[in-house]
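Number of protein chains: 2
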Amino acid sequence: MAHKKLGRQTLVFEKPPRIISGATIVGDMEGKGPLGKFFDIVIKDDTWGEKTWEKAERKMFEESVRLAFEKVNLNPERMDCMLGGDLLNQIITASFAAREIKAPFLGLYGACSTMAESLILGSMLTDGGFFDVTACVASSHFSTAERQFRMPLEMGGQTPPTAQRTVTGVGCSVLASSNYEGECIMDNIFVTGGTVGRVVDMGISDANNMGAAMAPAAVDTLVNHLRDTERDISYYDLVITGDLGSFGSLLFSDMCKEKGVDLGDRHLDCGNIIFDKNQNVDCGGSGCGCSGSVLNGYLLKRMHEGDFERAFFMATGALMSPTASMQGETIPGIAHGVILERGKL
Amino acid sequence: MAHKKLGRQTLVFEKPPRIISGATIVGDMEGKGPLGKFFDIVIKDDTWGEKTWEKAERKMFEESVRLAFEKVNLNPERMDCMLGGDLLNQIITASFAAREIKAPFLGLYGACSTMAESLILGSMLTDGGFFDVTACVASSHFSTAERQFRMPLEMGGQTPPTAQRTVTGVGCSVLASSNYEGECIMDNIFVTGGTVGRVVDMGISDANNMGAAMAPAAVDTLVNHLRDTERDISYYDLVITGDLGSFGSLLFSDMCKEKGVDLGDRHLDCGNIIFDKNQNVDCGGSGCGCSGSVLNGYLLKRMHEGDFERAFFMATGALMSPTASMQGETIPGIAHGVILERGKL
Numbered sequence: 012m013a014h015k016k017l018g019r020q021t022l023v024f025e026k027p028p029r030i031i032s033g034a035t036i037v038g039d040m041e042g043k044g045p046l047g048k049f050f051d052i053v054i055k056d057d058t059w060g061e062k063t064w065e066k067a068e069r070k071m072f073e074e075s076v077r078l079a080f081e082k083v084n085l086n087p088e089r090m091d092c093m094l095g096g097d098l099l100n101q102i103i104t105a106s107f108a109a110r111e112i113k114a115p116f117l118g119l120y121g122a123c124s125t126m127a128e129s130l131i132l133g134s135m136l137t138d139g140g141f142f143d144v145t146a147c148v149a150s151s152h153f154s155t156a157e158r159q160f161r162m163p164l165e166m167g168g169q170t171p172p173t174a175q176r177t178v179t180g181v182g183c184s185v186l187a188s189s190n191y192e193g194e195c196i197m198d199n200i201f202v203t204g205g206t207v208g209r210v211v212d213m214g215i216s217d218a219n220n221m222g223a224a225m226a227p228a229a230v231d232t233l234v235n236h237l238r239d240t241e242r243d244i245s246y247y248d249l250v251i252t253g254d255l256g257s258f259g260s261l262l263f264s265d266m267c268k269e270k271g272v273d274l275g276d277r278h279l280d281c282g283n284i285i286f287d288k289n290q291n292v293d294c295g296g297s298g299c300g301c302s303g304s305v306l307n308g309y310l311l312k313r314m315h316e317g318d319f320e321r322a323f324f325m326a327t328g329a330l331m332s333p334t335a336s337m338q339g340e341t342i343p344g345i346a347h348g349v350i351l352e353r354g355k356l
Numbered sequence: 012m013a014h015k016k017l018g019r020q021t022l023v024f025e026k027p028p029r030i031i032s033g034a035t036i037v038g039d040m041e042g043k044g045p046l047g048k049f050f051d052i053v054i055k056d057d058t059w060g061e062k063t064w065e066k067a068e069r070k071m072f073e074e075s076v077r078l079a080f081e082k083v084n085l086n087p088e089r090m091d092c093m094l095g096g097d098l099l100n101q102i103i104t105a106s107f108a109a110r111e112i113k114a115p116f117l118g119l120y121g122a123c124s125t126m127a128e129s130l131i132l133g134s135m136l137t138d139g140g141f142f143d144v145t146a147c148v149a150s151s152h153f154s155t156a157e158r159q160f161r162m163p164l165e166m167g168g169q170t171p172p173t174a175q176r177t178v179t180g181v182g183c184s185v186l187a188s189s190n191y192e193g194e195c196i197m198d199n200i201f202v203t204g205g206t207v208g209r210v211v212d213m214g215i216s217d218a219n220n221m222g223a224a225m226a227p228a229a230v231d232t233l234v235n236h237l238r239d240t241e242r243d244i245s246y247y248d249l250v251i252t253g254d255l256g257s258f259g260s261l262l263f264s265d266m267c268k269e270k271g272v273d274l275g276d277r278h279l280d281c282g283n284i285i286f287d288k289n290q291n292v293d294c295g296g297s298g299c300g301c302s303g304s305v306l307n308g309y310l311l312k313r314m315h316e317g318d319f320e321r322a323f324f325m326a327t328g329a330l331m332s333p334t335a336s337m338q339g340e341t342i343p344g345i346a347h348g349v350i351l352e353r354g355k356l
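Heads up: the protein sequence lines correspond to chains A and B, in order.
So that you can map any letter, position 171 of the first sequence is 182 in this note's numbering, and since no number is skipped, the others follow by simple counting.
So that you can map any letter, position 185 of the second sequence is 196 in this note's numbering, and since no number is skipped, the others follow by simple counting.
Simulated from the structure, these hints should not be mistaken for lab results.
Worth double-checking, as some hints may not be accurate.
One copy or two, it doesn't matter: identical chains are merged, so the pair holds either way.
To be verified - Restricting the straight-line Cα-Cα distance to at most 27 Å, the calculated cross-link-like pairs of lysine-lysine (BS3-like) are: (1) 113 - 15; (2) 15 - 26; (3) 16 - 26; (4) 268 - 113; (5) 270 - 113; (6) 16 - 82; (7) 16 - 113; (8) 312 - 43; (9) 312 - 82.
In isolation and in its complexed conformation, chain A is listed as follows (with noise of 0.2 Å):
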């Protein structure tokens, strides 16, 4: 046995990083909905001035990090490591930025789940004594995703209802360890632990309802976490979903209940918070750039601000793909967890 882990799946680390800094980009309909005080920059033009959505997405991208680092005054030179990934095939807008950011690179492929997964393996490197300074991040573009994983956006195609929205976004946390001495804008916001999750899949094959193909994996991974650490429900003031969205955050809430959770008002789905319903996105939004930038934007502002201690943050990623689909695959799914807690040490 491990010792840093308990149970089948969760790790918990004796010197939890910090969060030191976090920056968000998002699109324009993001900046238009409920959260959009919160981000930090928002693009009016989904092309950001480039030839190419595909080009955006990158600049995005690396301008986040870019920004995050300026933040807390540091050269992004200064960094060990950027851990990150996005939707699109070789994940070319996260390998394309770290070209021009020039740091050590690890590419990973989680698909929605991306942040959480950056977060937690960025957070186990650096507990483990490797890094100092990590840079986490995870975007979407949702005109890059459209026509990567269903049709040209110029068909002007018809979605039901129980689609969701890819965000257009990009979010970046900056994690620290323990002995960083540099600044933090955030008031003590610490990464305490993590469940890496498994793979599972209920047989949904629709493109058009990845809630429903996510849910079942989030409701997975928390009910694990649970029995891994011992803990109830009750010890998180908050069980934040990557994108569900509502239809998704339903079943959620409903399978949990059946295998005893019973989440009260604590649950929040990024893909539920970040559009209005009046913007017309059927069950709401979804892609890494979704929990990435609701993470960094919103949920990371108000533990600073102490409306939250204890967060459970849990991305879920669809591991679709239209050649999978074409041969009949369902769409299996999987979502990672981590523990942000606030004030300790």
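Using the hints provided, position chain B relative to the given structure of chain A.
This is chain B only, laid out in the frame that chain A set:
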């Protein structure tokens, strides 16, 4: 400065993880190549009884993990985490295999550098005290890669002389913590450290010349590794690159010399040794499965037999995407390095 880090990019392990088992499954052509006898399973038909090549690759991935655990009489349920990836969009090979294996899973994308990325991450997480038993896996498949990255095979397209052939193969290493007391089929082969690569781009834009795109990244990682560790190249019996191929290897060797590193006769490239020149493969093999299968089939067995004491295994990835190429982007490369040493504890 983190206490297990040397210089800018290199990590050293206090309790080096041990590679206790490895398994490989390769295609027919790889089986007929010079290393054929080193591989565990050679599939004669590249669908391996499945309906599609993608399903075949997923089965190869899953079965290699099961086989690696079987060799040391371990139930795959004993694994703390599986780290791995492949070349397919949304890494569906790894994700769908993880669904069957049911272990906690961290999905990686490092193109053909994935075998080294998974080993370096797995080793950090083991040395960091989080995991006891980890599977590090990488796969590729000629037919799935061709249709995704280049042209439908049915077209019968011609390749230029700098092209490389994607290896149909998968390699799985099982890492265990230093105090693991179970069976081990290797004679004390430890991962004593590693160097995390940076993304390097020298402006190559030809998807049929990936060796040239990746060679500069391999040079960058090797030179920085030697600088970080203050080691001379003579410290290693062997520097083994992933899949530079014959043209890329020449470039690599020349560029190293320019940087003052004379490789002499200690360099091998997995892409160069997996096929015979008579097999008509242009510049050799490529793909995550190339370094994955050569590491776990050939290199570890030769180390086990005492032919090499200290090897620097450096898998190289070309971070290309058809979308990026169509948008006029060049092909960035990355190389992660892993130090393998025999008989040290």
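Please work out whether the CA atoms of residue 16 and residue 113 approach to 27 Å or closer within one copy, between two copies, in both situations, or in neither?
-> Classified as between; 18 Å across copies, 33 Å inside a copy.
Is the C-alpha distance from residue 268 to residue 113 at most 27 Å within one copy, between copies, in both cases, or in neither?
-> For residue 268 and residue 113, only the inter-copy Cα distance (23 Å) is at most 27 Å; the intra-copy one is 47 Å.
Are the CA atoms of residue 270 and residue 113 at most 27 Å apart within a copy, between copies, both, or neither?
-> between (46 Å within a copy, 19 Å between copies)
How would you classify residue 16 and residue 82 at a CA-CA limit of 27 Å: within, between, both, or neither?
-> Between copies only: 25 Å across, 34 Å inside.
Checking residue 113 and residue 15: alpha-carbon separation at most 27 Å within a copy, between copies, both or neither?
-> This pair counts as between: shortest inter-copy Cα distance 21 Å, intra-copy 32 Å.
With identical chains treated as interchangeable, where does the CA-CA distance between residue 16 and residue 26 reach 27 Å or less: within a copy, between copies, both, or neither?
-> both (14 Å within a copy, 17 Å between copies)
Could you figure out if residue 312 and residue 43 sit no more than 27 Å apart (CA to CA) within one copy, between two copies, both or neither?
-> Within one copy, since 18 Å is at most 27 Å while 59 Å is not.
Is it within a copy, between copies, both, or neither that the alpha carbon of residue 15 lies no farther than 27 Å from that of residue 26?
-> both (11 Å within a copy, 15 Å between copies)
Should residue 312 paired with residue 82 be assigned to within, between, both, or neither, using CA atoms and 27 Å as the limit?
-> within (14 Å within a copy, 50 Å between copies)
The structure is consistent with each of the numbered hints, conforming to all of them.
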